[in-house]
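Starting from the known structure of chain P, fit chain A onto it as the hints suggest.
Here the protein sequences come in this chain order: P and A. In terms of the numbering used here, the first sequence opens at residue 1 and continues consecutively. In terms of the numbering used here, the second sequence opens at residue 1 and continues consecutively.
Hints listed in this document are in silico derivations from the structure and should not be mistaken for laboratory results. Just so you know, these numbers come straight off a predicted model, no measurement behind them. Mixed in with the good hints, there may be bad ones.
[Unchecked claim] Mimicking DSBU-like on lysine-lysine, the simulated pairs with C-alpha atoms at most 30 Å apart in a straight line are:
no., chain 1, residue 1, chain 2, residue 2
1, A, K103, P, K91
2, P, K58, P, K21
3, A, K106, P, K157
4, P, K88, A, K106
5, A, K106, P, K296
6, A, K138, A, K78
7, P, K267, A, K167
8, A, K293, P, K157
9, P, K296, A, K293
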Amino acid sequence: MSDQEQDKLKQNPSFVLRAIKDVAFEDRPVPKLRDDHDVRVHIAQTGICGSDVHYWQKGRIGDFILESPIVLGHESAGTVVEVGSAVKYVKVGDRVAVEPGVPCRPDTIFAATPPWDGTLSKYYIVAADYTYRLPDHVSMEQGALVEPVAVAVQITKVANIRAGQTVVVFGCGPIGALCQAVAKAYGATKVIGVDVVQSRLDFAKSFGADGVFMSSRAEAGVDAVEHSENVAALIAKKFNLGDGADVVLECSGAEPCIQAGVFVTKKGGTYVQAGMGKENVLFPITTACIRALNIKGSIRYTTGCYPAAVDLVASGKIDVNRLITNRFKFEQAEEAFELVKAGRSDVLKVIIEGVQ
Amino acid sequence: MAINLSFILEKAGSVKYEDRPVPKLESPYDVLVNVRFTGICGSDVHYWQHGSIGSFVLKAPMVLGHESSGVITAVGDKVSTVKVGDRVAMEPGIPCRRCVRCKEGKYNLCVDMRFAATPPIDGTLAKYYSLPEDFCYKLPESVSLEEGAVMEPLAVGVHITRQADVKPGQSVVVFGAGPVGLLCCAVAKAYGADKIVAVDINEERLKFAKQYAATHTVVSQRESATDSAARITKDADLGLGADVAIDASGAEPCIQAGIQVLRTGGTYVQGGMGKSDITFPIGAMGAKELNVKGSFRYNSGDYATAVALVTSGRVSVKELITGKFKFKDAESAFNDTKAAKGIKILIEGVEDEA
Chain P
1 MSDQEQDKLK
11 QNPSFVLRAI
21 KDVAFEDRPV
31 PKLRDDHDVR
41 VHIAQTGICG
51 SDVHYWQKGR
61 IGDFILESPI
71 VLGHESAGTV
81 VEVGSAVKYV
91 KVGDRVAVEP
101 GVPCRPDTIF
111 AATPPWDGTL
121 SKYYIVAADY
131 TYRLPDHVSM
141 EQGALVEPVA
151 VAVQITKVAN
161 IRAGQTVVVF
171 GCGPIGALCQ
181 AVAKAYGATK
191 VIGVDVVQSR
201 LDFAKSFGAD
211 GVFMSSRAEA
221 GVDAVEHSEN
231 VAALIAKKFN
241 LGDGADVVLE
251 CSGAEPCIQA
261 GVFVTKKGGT
271 YVQAGMGKEN
281 VLFPITTACI
291 RALNIKGSIR
301 YTTGCYPAAV
311 DLVASGKIDV
321 NRLITNRFKF
331 EQAEEAFELV
341 KAGRSDVLKV
351 IIEGVQ
Chain A
1 MAINLSFILE
11 KAGSVKYEDR
21 PVPKLESPYD
31 VLVNVRFTGI
41 CGSDVHYWQH
51 GSIGSFVLKA
61 PMVLGHESSG
71 VITAVGDKVS
81 TVKVGDRVAM
91 EPGIPCRRCV
101 RCKEGKYNLC
111 VDMRFAATPP
121 IDGTLAKYYS
131 LPEDFCYKLP
141 ESVSLEEGAV
151 MEPLAVGVHI
161 TRQADVKPGQ
171 SVVVFGAGPV
181 GLLCCAVAKA
191 YGADKIVAVD
201 INEERLKFAK
211 QYAATHTVVS
221 QRESATDSAA
231 RITKDADLGL
241 GADVAIDASG
251 AEPCIQAGIQ
261 VLRTGGTYVQ
271 GGMGKSDITF
281 PIGAMGAKEL
291 NVKGSFRYNS
301 GDYATAVALV
311 TSGRVSVKEL
321 ITGKFKFKDA
331 ESAFNDTKAA
341 KGIKILIEGV
351 EDEA
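Next comes chain P alone, as it looks inside the complex (with noise of 0.2 Å):
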């Protein structure tokens, strides 16, 4: 039998992390409705995060842990190819960004986060209310940029974000770039992107931010919380943000970076964690309490950010094709998430190609 023979016979390829650092194809069964408000979507284009990433490496993330093979992949966009029929805003046909979260119907799922399967599979079943239409001027590319583009959505919405603020983010990575782009089109006056690469910075520069700062590490022998409230004064100095800034969004989730970002907010001004790194960081605590800020988390997306992330795209406020820097076919799955796994600064968004 020819290889195109061979493929014909496959139901639902998926790209399957078997146990750490162990992926592989396999064919699975077409999934079936699991009642009648579920749809079948056809995925299309899946761009990596930093989590698949991390559960290929490591194998957890804080209490998730990888115990038995799940199909990874989770910022998706497709074609519905079956509705339930109870499904009454969504037909065959439509061309969807997937919501990967879905809670307590009854379980929370979160594909590709254990045990759930992701997305990285021909055919992904989810809840008719987790699909959001794509216009048709938006592409299956673009509409798989916009679950980050949701996430950059939350943070904004945390930090409650108005025009006329400043805001300084720390990160120019996909999520440090989106939440810069969102931060302006929600009518921020002034956003500063920080990161320690170069080219990093100069995307920023073109894509969300209204300036960049090239933060540095501590020599040796300096203090590093004191580094970091140097590196903040810099910061405040060079782009004239007086007491601090409104809003500082930290994307990064390295150490000496959340310090900065606690120098850097004015006082009673917002802080938001979105960044994930270390678990534990020293953190200057009574800076927080002296200057009243309110410090906030943030984590993935809440009602209404999917609609907003599509609108932003649609709209072209955000160009998320500029954001995507490789792309992959599903064949290459495993290559795609070697490139992510290996951090060069010149990637941004790696994308994989659905099944045909």
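Chain A alone, transformed into the frame defined by chain P:
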């Protein structure tokens, strides 16, 4: 012998008893409750008398009742938070859990809400009723099943008071000293309000309010809204005006007085339901920069808060229960409620024949 005797509204003005099948558990997360006590609400009386409220029109016979408590007699396979034998307060409105309002956390505003005894959904005045486990609230031993039936109006009072955002030290004027108004006074007190002024035309109810939770009472008179507001402000020493005004009457003069009695920047909450369209002092609302909100039923956490308030003793509801009728005398209970006799009248559950 009936297996699930039910009290049914056939059409406006006409009630009857009928045996109905015992409800099946539709989902493994559902439970079956043997209903023990059911309170009567103004809305129940209204459907009984008029057959409709707004766009909700009775088109087929419907079981009445929605303020209930009972004992769990069966649980679905996946139920984990309650068990057979548990005594529970029953939250009677089940939202779809899928629409935007539900996902935002405002499930009382659900587009596809299924509310007991709002047509066409059957109510709780039957021997058995089924509902999801997370809409049952366990009652501790110290709280009786009678009190359990008052959790529903208490949850309404909790929701109104939360909408009003009552904070410690504030002054609150509550128009209407019926069950909901009284419960708003009690919750406002539990939330630390310093001055709680009950206003009504009925002096008996005001006397009760004063012993119950109000710090001041004012008898409504025929006068302009501004005169009424001035009198309330003077009698209760409200200074620049009340921080919060709650209407639990639905009466036009009260709504107008509520707006007038507030200080600048105050908060007004509409809980009561009367005439749909009224003359409203919109100029005062704008010039005083008031926060004006509606309040409808209850949502996330209100029922649990109601149970917690009674369990901790911060709110007492026993004294609101002024009458109890046997299931076979349900119509008399409705008549007494319609005549505004007492405060809260309960109907006991179906008794097993000896």
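Task: Hints not upheld, ascending by number - done: As far as the earlier hints go, not one is violated by this structure.
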